[in-house]
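Enquirer: Residue strings, one per chain:
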Amino acid sequence: DIDLCGPSIPRMLGVHGREVHQHDAGWLPVYTDNSQTLGVMSIGFLLGNQDDPVVWRGPKKTAMIRQFLSDVTWGELDVLVIDTPPGTSDEHIAVMEALKDVKVDGAVLVTTPQAVAVGDVRRELTFCKKTKLKVLGIIENMSGFVCPHCTECTNIFSAGGGKSLAEHAKVPFLGSVPIEPNLALAAETGQDFASSFATSEAAIRFKSIFENLLLDNNGTVAENSGDMDTT
Amino acid sequence: FGLCNLKNVGSHRFLQKLSEQKGIYWFSSSSYFASDKLKERQEELMKRGLPKRKPIPGVKHVLLVSSGKGGVGKSTTAVNLALALSKHKSVGILDADIFGPSIPTMMNISGNPELTPDNKMIPPTNFGVKCMSIGFLVDPDQAVVWRGPMVMGAITKLLMETDWKGVDILMVDTPPGTGDILLSLAQTVHVSGAIVVTTPQKVALADASKGIDMFKKVGVNVLGIVENMDGFVCANCGHITHIFGRDGARTLAEKSETKVLGGIALDPTVMVGADSGKPVVLTHPQSTPAIQYAQIAK
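Just so you know, the protein sequences line up as chains Y and F, in that order. Counting along the first sequence from 1, when you hit position 93 you're at 93 in the numbering used here, and nothing is skipped either side. For the numbering used here, count along the second sequence from 1 and bump the result up by 231.
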């Protein structure tokens with residue numbers, strides 16, 4: 001989680017308030033359960049008081065991000081997902097620089113359907129092009145809301161913007177996910193949405209998006225697990 | 232007149248008490264025990280290194296619209312509030328979100344600003360509101376991949392080199408986060424107040440809380456919280472769904488000793504207004520969100 005100003009990942013994965021432990025080789029990621037199949041690193045774990053703002057300038061942010069990549073003993077990972085803050089600034093430059101000797105499989109861009117959001121993601125696409133970062137695809141989030149009472153679908157944040165952008169930019173459109181209050185709730189409480197609400201439309205769409213992502217890359221993500229050395 | 236090398240707390244305190252009673256001037260090289268006058272002098276010297284707050288030519292009041300978390304509707308709120316305020320005052324908007332400048336789309340303005348004879352940028356105007364944004368100066372496809380100092384340099388230029396002329400209230404739409412841009416703005420500009428926008432969700436509130444904390448630390452008056460994306464009313468059946476939770480802003484306001492300025496309902500007309508460049512307060516002034524914006528502006 002390299003969103004240093006707004007680290008939301010710990011809360012969403014139910015590990016809010018946990019501490020990071022050190023050992024000889026470095027920092028241990030915080031695992032979501034005993035199976036240790038999902039490890040997390042975030043500045044959220046390092047703040048003395050969770051409410052403290054992190055008001056850092058570029059060099060300090062860059063140093064922190066570099067530490068997350070080099071000083072955390074991630075172990076043998078199949079996939080390292082890096083959640084970035086909005087924009088194309090210090091954090092994005094820092095992570096690209098820190099990963100310059102690492103094979104990065106690519107970037108997944110998330111947008112809501114509206115023009116103003118799509119407008120920002122266009123710039124993210126340019127950033128990816130400039131830094132030669134492969135765009136694995138675009139996900140259109142918050143795409144339509146189905147009223148639980150009458151099942152009428154309202155496009156609160158418009159619809160189709162993400163798909164149009166993908167077509168315009170000639171990158172894969174990975175899929176769209178509807179607004180799902182249970183997803184918002186699961187994020188609040190750190191619940192595993194995919195398990196608890198597996199039959200919801202949002203969960204089904206997510207599953208299909210991630211399966212497409214792994215398949216489209218011809219299993220390259222899984223294949224490279226041995227090569228992905230972030231130390 | 233005497234000098235002594237004091238090695239312990241007790242001696243310092245003794246001398247201090249003595250000086251109060253006997254009118255002795257005493258001087259300590261340790262700032263911990265320095266007299267108030269010396270501490271003041273030290274603070275003065277340290278402040279010299281910090282940026283000085285400057286007024287913006289042509290602008291009476293500066294209001295920061297911030298959020299902490301991205302995607303909560305900060306720009307949409309800034310635009311609609313600016314328009315609601317413009318009924319009573321002369322308003323300008325500065326789009327300080329260098330990476331994702333939404334103001335040109337939302338206010339339906341485009342094109343390169345022209346210059347005055349003394350090289351100031353003339354802010355394009357629509358609906359009676361003067362606007363300035365980096366969106367007028369870069370292509371929609373261009374990515375602004377800048378580090379902090381360059382971003383702040385650009386924002387300062389947009390602030391100081393725009394011919395605002397006679398703006399009562401300048402709304403500044405800030406970038407998301409509690410990053411150094413917000414800090415720099417708070418330190419270099421006289422800010423009359425800050426409005427923090429959030430949705431009811433905990434993750435958004437957590438970031439809004441950090442923002443409020445930061446403002447307090449740098450002495451910026453937090454006017455209050457706007458809770459965006461409140462309940463959604465289905466147009467078909469009228470059923471209300473609190474998609475992103477509810478009442479979070481109230482809890483935050485209590486905890487941070489600020490107030491809730493108001494809430495804005497989750498309504499597709501707001502989004503349509505933003506995307507089409509015809510803000511909802513103008514196109515649907517009797518709609519719930521428009522009335523809510525007007526209330527907050529009041």
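One or more hints might be untrue.
Said to hold, decoys possible - Some, not all, of what chain Y presents toward chain F, calculated at C-beta under 10 Å: (1) W27; (2) V79; (3) V81; (4) K100; (5) V121; (6) T151; (7) E152.
Stated by the list, open to error - Label-pair ranges, simulated between beta-carbon atoms: (8) F/L368 with Y/L77: 40 to 48 Å; (9) F/D478 with Y/D33: 29 to 37 Å; (10) Y/Q36 with F/D370: 55 to 63 Å; (11) F/D370 with Y/E167: 18 to 26 Å; (12) Y/G106 with F/N343: 30 to 38 Å; (13) Y/G190 with F/I522: 44 to 52 Å; (14) Y/K132 with F/K396: 41 to 49 Å; (15) F/R272 with Y/Q36: 55 to 63 Å; (16) F/G384 with Y/D52: 25 to 33 Å; (17) Y/G14 with F/M381: 50 to 58 Å; (18) Y/Q50 with F/R477: 42 to 50 Å; (19) F/K291 with Y/D52: 49 to 57 Å; (20) F/R477 with Y/G190: 34 to 42 Å; (21) F/K291 with Y/E97: 19 to 27 Å.
No lab work stands behind these hints, which were simulated from the structure alone. All residues carry an ideal CB built from backbone N, CA and C; glycine is no exception.
Enquirer: Against this structure, judge whether each hint is valid.
Expert: Do the hints match the structure? See the list:
1. W27: Violated, because the Cβ-Cβ distance from Y/W27 to chain F comes to roughly 23 Å (cut-off 10 Å).
2. V79: Hint on Y/V79: violated, closest Cβ of chain F at ~23 Å, above 10 Å.
3. V81: Since chain F brings no Cβ nearer than about 17 Å to Y/V81, farther than 10 Å, the hint is violated.
4. K100: This hint is violated: Y/K100 lies away from chain F, its Cβ roughly 15 Å from the closest one there, beyond 10 Å.
5. V121: Cβ of Y/V121 sits 9 Å from chain F, so the hint holds.
6. T151: holds, 9 Å
7. E152: Holds: closest Cβ of chain F sits about 4 Å from Y/E152, inside 10 Å.
8. F/L368 with Y/L77: 40 to 48 Å: The hint (40 to 48 Å, Cβ to Cβ) holds, given that F/L368 and Y/L77 are roughly 42 Å apart.
9. F/D478 with Y/D33: 29 to 37 Å: holds, 31 Å
10. Y/Q36 with F/D370: 55 to 63 Å: violated, 46 Å
11. F/D370 with Y/E167: 18 to 26 Å: holds, 20 Å
12. Y/G106 with F/N343: 30 to 38 Å: holds, 35 Å
13. Y/G190 with F/I522: 44 to 52 Å: Given a distance of about 36 Å, which is not inside 44 to 52 Å, the answer is violated.
14. Y/K132 with F/K396: 41 to 49 Å: Roughly 45 Å apart at Cβ, these two residues keep to the hinted range, so it holds.
15. F/R272 with Y/Q36: 55 to 63 Å: holds, 56 Å
16. F/G384 with Y/D52: 25 to 33 Å: Holds: the Cβ-Cβ distance is about 28 Å, inside 25 to 33 Å.
17. Y/G14 with F/M381: 50 to 58 Å: Violated, at about 38 Å.
18. Y/Q50 with F/R477: 42 to 50 Å: Violated - the Cβ-Cβ distance for Y/Q50 and F/R477, about 22 Å, lies outside 42 to 50 Å.
19. F/K291 with Y/D52: 49 to 57 Å: The hint (49 to 57 Å, Cβ to Cβ) is violated, given that F/K291 and Y/D52 are roughly 34 Å apart.
20. F/R477 with Y/G190: 34 to 42 Å: violated, 19 Å
21. F/K291 with Y/E97: 19 to 27 Å: This hint is violated: roughly 43 Å between Cβ atoms.
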